[in-house]
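Residue-level listing of the chains:
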Amino acid sequence: MAPVLTARGLTLRFPGAERPTLENFDLDIEKGGFVSLVGGSGVGKSTLLRAIAGLLPPDAGTIDLTSPERPGQRRRAIVFQDGRLLPWRTLRRNVEYGLEGLSLTAKERRERVDEVLQLTRMEHLADRYPHQLSGGQVQRGGIARALVVRPDVLLMDEPFSAVDALTRGALQDELLRIWSASGAAILFVTHDIAEAALLSERVIVLSGQPARIALDRRVTLPLQDRREDPGFVPLVTDIQEAL
Amino acid sequence: MSTAAPRGMRRAVYGAAGLVAFIALWKAAGSFGWTSPGTMPDPFLVPAAIRDEIASGRLMPAIGSSLIHYVWGLTLGSVLGVAVGLATATMPWLDAAHAWLARILRPIPPLAWVVFAIAWFKVSHAGAAFVISIGVFWVNYFATYAAVRNVDPRYHELARAFGQSAYFKRHRSVTLPAASPGILSGLRTGVGQAWMTLIAAELLGVPGMGQEMNAAAGVGAYEAVVVYMLAISVVYTLSDALFSLIEGRLLAWRPS
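First to last, the protein sequences are chains A and B.
Mapping of the first sequence onto our numbering: position 183 corresponds to residue 183, and the numbering continues sequentially without gaps.
Mapping of the second sequence onto our numbering: position 108 corresponds to residue 108, and the numbering continues sequentially without gaps.
What the hints contain is simulated information worked out from the structure, not anything from laboratory work.
Here the structure is a predicted model, which means the values were calculated and not measured.
C-beta: ideal position from N, C-alpha, C; glycine also.
Heads up, some of the hints might be wrong.
[As the list claims (entries may be wrong)] To give a feel for the contact side, a few chain A residues facing chain B, derived at Cβ under 10 Å:
1. 50
2. 53
3. 74
4. 76
5. 82
6. 86
7. 87
8. 89
9. 97
10. 130
11. 131
12. 145
13. 155
Required output: the full structure, derived from the provided sequences and hints.
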């Protein structure tokens, strides 16, 4: 399938660092794919994600989104690790924040917000402030805010790392459902090997400094009951060994 | 049964007892001659003094005149203080350019400007408002500057991620709301600061409660001085309560 995002010759360096975090790095993300980026702490996963989100200018190389930008759309959107809802806005207004600056009428905005609140099953929480939501609901709010701009690429930076195991399992199921309904490609950063193996169509393992791709593995196991599949444990083992 | 009501009642009783004890002590200070003769007002004569001040037609015009100084000084000082605080906290070049100037001007008390207020505006409403606005300006400037500088940088990152990088878009959508508790706290402090400066400014002759207090003290009518002190207390309490109401509405999003 054609890539929706390509990175070529990417070099990222923290100010004052002796060696770059990433050097001459290439990456393609296919349209509608679910790619997990796995690696140890400080390897550069989140740095790469932030560069792709446009929050960090690369020292060298290019990042291209291949599809043309449509009106009322942002081609990429990010979900932060901490959910990052604005505490002074209700959930509805937080989701709407993604749309500010886009050429949409008030009616279109309202419909788009209603649509994603329904998709993330949060319509009944629309008028609550972030402090009135649970950790899992805040994360779903962050996902809704990103989806409302109808991105071609959804960038997720360890979005479930701050929630308890039970909520995490529920959010993973929710994410798979949302992914198949939205059609966006997902680049999912995680340090949790099992999470990457469970959710992804493709797992990329980063290691070393500068980081290189230690494993780029397509996952063909069925998503339904993947954990029970005989291929799941070998997949996890492969990822572990590559780290 | 809830214990809130008895506790509230107990507090009210203690509050009233404290007030009665204070009046008793005040009366004793006059009766036993703890101060220079004729300088301690009699608390029991204050109600009659209130009636006299109203009947003489002095009290209400003095309050009205003070309110003119107050509103103009408070508005000018607040608007400028918040605007300069916002601008300096969000523009590094302006921050650097004003840092030394702020350090030089800040320690000068508002009343030191009275000399220039009289020179530039004569003994007038504008002069009093000018002096008040200086005190209010610094309170709001510092509160706004600190509140804006302490805004969580992750909100700015969020703004950039969702296409709100431009200066006005970013600060309107995240900086102002995030800093609003600190800014409102400065505005509320300014509401009180303005009263303190106002009376001092009016003691110099601008019509208002300060001038009336000075005139009453000059003829030894200390009960009348207390009347104006109580008037200040009432007007301040009302203005603070009103501001608290507005602040509560604006910050309804904060966890209680």
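Residue 131(A) was flagged as interface toward chain B. Is the shortest Cβ-Cβ separation under 10 Å? Cβ of residue 131(A) sits 4 Å from chain B, so the hint holds.
Does residue 130(A) hold up as a contact with chain B if the rule is Cβ-Cβ below 10 Å? Holds: closest Cβ of chain B sits about 8 Å from residue 130(A), inside 10 Å.
With a cut-off of 10 Å on the beta carbons, see whether residue 87(A) makes it to chain B. It holds, given that the least Cβ distance between residue 87(A) and chain B is near 6 Å, below 10 Å.
When the nearest CB of chain B is found for residue 89(A), is that gap smaller than 10 Å? Holds: closest Cβ of chain B sits about 7 Å from residue 89(A), inside 10 Å.
Are residue 76(A) and chain B close enough, Cβ to Cβ, to be under 10 Å, as the hint says? holds (9 Å)
Would you settle whether the hint for residue 50(A) is holds or violated, based on the nearest Cβ-Cβ distance to chain B being less than 10 Å? holds (8 Å)
Any CB of chain B closer than 10 Å to the CB of residue 82(A)? Result: holds, 7 Å to nearest chain B Cβ.
Holds or violated: the hint that residue 97(A) contacts chain B, with Cβ atoms closer than 10 Å. holds (6 Å)
When the least beta-carbon distance from residue 74(A) to chain B is tested against 10 Å, hint result: With a minimum Cβ separation of about 6 Å from chain B (threshold 10 Å), the hint on residue 74(A) holds.
Status of the residue 53(A) interface restraint (C-beta, 10 Å, chain B): Cβ of residue 53(A) sits 6 Å from chain B, so the hint holds.
Just to be careful: measuring from the Cβ of residue 155(A) to every Cβ in chain B, is the smallest value less than 10 Å? holds (9 Å)
Given hint residue 145(A) near chain B, where the shortest CB pair must fall under 10 Å: Where the cut-off is 10 Å and the nearest Cβ of chain B is about 8 Å from residue 145(A), the hint holds.
Checked against the numbered hints given earlier, the structure satisfies every one of them.
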